[in-house]
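Q: Single-letter residue listing:
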Amino acid sequence: MNVTEQDQLSYIAAQAADSRINVEIETEGMTLNIGPQHPATHGTLRIVVKLDGEQVIAAEPIAGYMHRGYEKLTEVRTYPQVTTLINRIDWLGSFANEVPFILAAEQLMEVEAPPRARWIRTILFELSRISNLTLFLGDMGIQLGAMTPVFYAFRDREHVLNQIESVTGGRFHPNFDRIGGIKDDLPAGWIDGTRSAMTRIAEFCDQMEALLLNNEIFESRTRGIGVIPADIALSYGMSGANLRASGVDWDLRRDGGDGLAYKELDWKVWTHPDGDSFARFWVRLQEVREGVKIVEQLLDGIPSGPVMAKVPRIIKVPPGEAWVETENPLGAMGYYVVSKGELVPFRVKIRSASFNNVSIASWVLRGVYVPDIITILASLYFILGDIDR
Amino acid sequence: MSILAELAYWQQTSLRVAAGLVAVLLPAGTLVYLYLFKMMSFMQSRLGPMEAGPFGSLQLVAEVGKWLQKEDIIPTRADRLIFGLAPFIVLMSTFLLVVVIPFGPDAFFADLPTGIYFALAVGSISVIGILMAGWASANKYSLLGGLRAAGQLIAYELPMVLAVVGVVIQAGTLNMQGIVVAQADGEIFGWGGIGNPYILTQFVAFAIFLIAVQAELTQTPFDMPVAESELVSGYLTEYSGIRFLLFFISEYATAGAFSAIIAVLFLGGWYIPGIDIDDNVFNVIGPIVMMVKIVLVSFVIFWFRFTMPRFREDQLQRLAWKVLIPLALVNIAATAVLKVAF
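Quick note, the sequences are listed as chains B and H, same order. Taking this note's numbering, the leading residue of the first sequence gets 1, the next gets one more, and so forth. Taking this note's numbering, the leading residue of the second sequence gets 1, the next gets one more, and so forth.
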C-alpha cells in the first residue's frame, strides 16, 4: 500500500490531537492575509498577521508588490529627465520628491539657485506637504469608519492642487524643478490665489479638529493605540511626523541643510510626547497649520530677480558624490548621487521615509486587536510608492 | 376589518402580501434615496446620483436592475445550502418585524396582545442569518464579521428590551395599538393637549433604544461587522448579485421597521394631536403619519452614521454592558416608582 506524504501528515496530526484531548482543548491561531488587495492598505502592501481570536500574535509587512526599479532607471536617464521619474515616488507630495535630487545635483555642479527660485521652490515644497497631509487628515477618518472627512479633504486639497497646477502645469507630477532654479516664474495673480487657498486649508484644519480630534470615539480609538517610544522609533530609523509624535524634536527643515529658505522664516516644530496614533494625527494637523503660516510668510517676503542660474544647455555633472536629505511630507527623504562626469548619474540611492516608517509594523502591531491594525497603519501614514520605489 | 372579512381567503392573503411588500419596500426605498444617496452626498459636499430620473430619483431602480443581472457567485468552498439560505433568513426577520406595526386603528397585519414582545423577539432572528452568512462563506473576513455581528447584536438586544420595559410600564400594555392609544389619551401633568408622546417622559429609554437600534442595524458607529476598512465587507464579502440585494434591502427595510417601532413607542404612532382618536380618517392618514415619523426617526439614525467614526469591538461591548444596561435598569426603577406615585 502506498503511503503518501499527506497520509503520514494526517496520521501525525491525529496522534497529536489524541494526546492533546486529555490535557486541554487548544485552539489554533488563524493566519489572516491583509492585502495586497485590501481597502485599508491604500496600495499593495501585504501584511500577514497571526491572530488569536481578534488579537494579533505576530504581524509581518511584506513590501515589494509595487517595486518599479527607480534607482536603476535613473542610471539610464539624463539629469533633467530623472525628475519626471522620481516625482512618482511619493505621488501625493510629488514636487517634494524632486527637490532633494536637484539639490544634490546642484551641489555636485556647484551651482546655486537664485533667491527667487529658492523661495518659489520652498513654497511649492510646502504646498505639496499641505496637499499630502490634508489627505491624511481625511483618510484617517475613513480608516476609522467616519466616511465624511475624506470628502472634505479631497475638496479642500483641490484648492492647493489648483495652485500647484497653475504654476507647473501638473496637478500631481509637476516636473518643475531644474538644476540651477525652476522652470518658470509664477503666473500673474498666483500669490493672491494661494493666499485664499491657504485660508481654505486653515478652515479645513479647524473642521477636522472639530469633526475628528474632538470626537470621543476617535479619541478612544486612537489614544494609547500603537505607542512607539522615542528610542524604538529612532532605532527603526523612523522620521518625519511619526518621529516627532514620539517626542523627538528633529526636523530637517530646521536641522538640515540650507537648500531651502526655511531658516529665514519664523515657525515652530511641533512634537507630542505620547507616541500613539492620536499623537501622530495631532502632529500632522499642527504641521498643516504651520505649513499655512510658512507659505503665508514666504508669499509676503518673496524676493525679485531671475528664477534660473546660468547652467549649460547640456548638463554634464562633474565627478563626485553628494548626499542631500530634506524633510518631505512623509519624513526624511534623501538622494545619494554618484556621478562619473557623464550625462547620466552613475548610481542613485533613494532613501524614502515610508520604508523605514512601515518597517516598525511588526514591532508595534504585536498584541493589538484587528481594528487597531488599521488605526496604526493609517496613523503611520505611508505611501506605497514611497515604500517600494 | 369589515371589508376584508367579505373577501375570499386567497384575496385576503394576496392583499396582505401586497401590503406587506409595500410596508417593507417603500420605507427601504425612501431611506436609500433620501439618506444614503442624497443626504450623505449633501453632507459630503457632492451631488450624488443625478442622471437617472429627476434628481436621480430612479437611481435605485437602476441599481436593482444591475444587481439582478449580476452573476450569482458562490465560492467553491462555501457551504452552498447555508450560503444561499442566509439572506432569506435575514429578510424574513424584517418581514416578521413589520407584521405587528400598526399603521392605523384598523390598518395592521396582526394585532397581537404582546406585540412589542413579538417584535423584539423576531428582530433578533437576523443574527442567525448573519452568522450563517459569515460561516458559510468560507472566508476569514466573513467569519470575523459574522462573529462580531453575533456578539454585538446579542449585547445590544438587552438594553433594547430593557428600554422598552419603561414604556410598557407607563403604557400598561404590551400591545402596540394599546401603546399608541395610551400615548394619545395620556396627559402631561394634567394637560392632555398633545397627549403624552413617550419621548417626553421616557427620554432616557428613547435615547437608549435609539443607540441600541443603531447597533442592531450595524450602522456606524457600530458597523464593526461590515467595517469596510478592516474586514473588506465582513459577512457580506462573498455575496454578489441578487443575494447581496436581499441583504441590502433587508438592511434598509429593517432601518425602516425599527424607525416605525420607535415612532410607535415614543412618538405616538399613527396618531397626531388635533383629531379625535376614534375618527375613521386615521385609517387613511395613519400610514402617511407613520411614514413621516419613520423618515424623521431614521434621519437621526443616518445622521449619526455619516458623521461618526466606529467603535472598536471591546469599546462597543463596554458601552452596552457598563453604560446602557445600568441606565436602562435605573430608568425602569424610576418609571415604576413614578407610576405608583402618580
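These aren't lab readings, by the way, just hints derived from the structure by calculation. Among the hints, erroneous ones may be present.
As the list claims (entries may be wrong) - Selected chain H positions facing chain B (in silico; Cβ < 10 angstroms):
1) 38
2) 43
3) 49
4) 66
5) 77
To be verified - In silico EDC-like pairs for lysine to aspartate or glutamate, Cα to Cα no more than 20 angstroms straight-line:
6) B:310 x B:185
7) B:268 x B:219
8) B:268 x B:258
9) H:140 x B:54
10) H:322 x B:219
11) H:140 x B:52
12) H:140 x B:258
13) B:340 x B:75
14) B:293 x B:321
15) H:322 x B:216
16) B:293 x B:219
17) B:263 x B:54
18) B:72 x B:255
19) B:349 x B:75
Glycine included, C-beta positions come from ideal geometry on N, C-alpha and C.
Q: Work down the list of hints and note, for each, if the structure agrees.
A: Verification of the supplied hints:
no. : hint          : verdict
1   : 38            : violated, 14 angstroms
2   : 43            : holds, 6 angstroms
3   : 49            : violated, 16 angstroms
4   : 66            : violated, 21 angstroms
5   : 77            : violated, 15 angstroms
6   : B:310 x B:185 : holds, 16 angstroms
7   : B:268 x B:219 : violated, 25 angstroms
8   : B:268 x B:258 : holds, 17 angstroms
9   : H:140 x B:54  : holds, 11 angstroms
10  : H:322 x B:219 : holds, 19 angstroms
11  : H:140 x B:52  : holds, 13 angstroms
12  : H:140 x B:258 : violated, 52 angstroms
13  : B:340 x B:75  : holds, 11 angstroms
14  : B:293 x B:321 : violated, 35 angstroms
15  : H:322 x B:216 : holds, 17 angstroms
16  : B:293 x B:219 : violated, 27 angstroms
17  : B:263 x B:54  : violated, 48 angstroms
18  : B:72 x B:255  : violated, 30 angstroms
19  : B:349 x B:75  : holds, 11 angstroms
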